[in-house]
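With the hints as extra help, turn the sequences into a complete structure.
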Amino acid sequence: MKIAIITGASSGLGEEYVKCVANGCADIDEIWAIARRVDRLEELKNHTAFPVRTISLDLSDPASYETYAALLREEQPEVGLLINASGFGKFRAVMDTPLEVNLNMVDLNCKAVMALCQLTVPYMPSGSQIINIASVAAFQPIPYINVYGATKALVLHYSRALNRELKKQGVHVMAVCPFWTKTEFFDRAV
Numbered sequence: 003m004k005i006a007i008i009t010g011a012s013s014g015l016g017e018e019y020v021k022c023v024a025n026g027c028a029d030i031d032e033i034w035a036i037a038r039r040v041d042r043l044e045e046l047k048n049h050t051a052f053p054v055r056t057i058s059l060d061l062s063d064p065a066s067y068e069t070y071a072a073l074l075r076e077e078q079p080e081v082g083l084l085i086n087a088s089g090f091g092k093f094r095a096v097m098d099t100p101l102e103v104n105l106n107m108v109d110l111n112c113k114a115v116m117a118l119c120q121l122t123v124p125y126m127p128s129g130s131q132i133i134n135i136a137s138v139a140a141f142q143p144i145p146y147i148n149v150y151g152a153t154k155a156l157v158l159h160y161s162r163a164l165n166r167e168l169k170k171q172g173v174h175v176m177a178v179c180p181f182w183t184k185t186e187f188f189d190r191a192v
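Everything in the sequence shown is counted per the working numbering, starting at 3 for the first residue and increasing by one.
Everything labelled a hint here was simulated from the structure, so no lab data went into it. Every residue, glycine too, gets a C-beta built ideally from N, C-alpha and C. Any given hint could turn out to be false.
[As the list claims (entries may be wrong)] Quick list of simulated restraints, FRET-style, between CB atoms:
1) G172 to V96: 36 to 46 Å
2) Q171 to A71: 16 to 26 Å
3) K113 to R39: 17 to 27 Å
4) V138 to A71: 27 to 37 Å
If you want it as structure tokens, here you go:
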């Protein structure tokens, strides 16, 4: 079975990627849609005729990586596409943002991307693709969205280097750097 795995699937870009893959990937048999919000995942599943497996994980919690790894070991899928679209940011000064929020942002925006890539690549044959969502904020320091921009700079540079590392395996990696996109991101960022 050839699958696509999409994080952040309950809203925003992740949800849109699920819809795009469901409507246009003849070589994918199933989508694994990963997000925290079970109700939103089930709603997404009910709005497509394409096979979507919903997986509720909080990727800012390192314990979720073992759950994900166990699922991969159990199912032994062929992963044709991994899209890391989960993430969040805050529009406020670093010192005005609780430390736990900033650390959580690093956990989700950076650690989860690295963990999912590293855990998934062994299941990806030549020709597979990884798309990591970075941001235009990755290209310069931006006060008042400082931590978010720094995490997205990591995603950009990590993706570019990983693309070179996986070239011999035929796995292609890209970072997508969208400009501000009207999603629920802004509801949480304020």
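Okay, the hints, checked on the actual structure:
1. G172 to V96: 36 to 46 Å: Holds, since G172 and V96 (Cβ atoms, about 41 Å apart) stay within the stated range.
2. Q171 to A71: 16 to 26 Å: holds, 19 Å
3. K113 to R39: 17 to 27 Å: holds, 20 Å
4. V138 to A71: 27 to 37 Å: holds, 32 Å
Violated hints: none; the structure is consistent with every hint.
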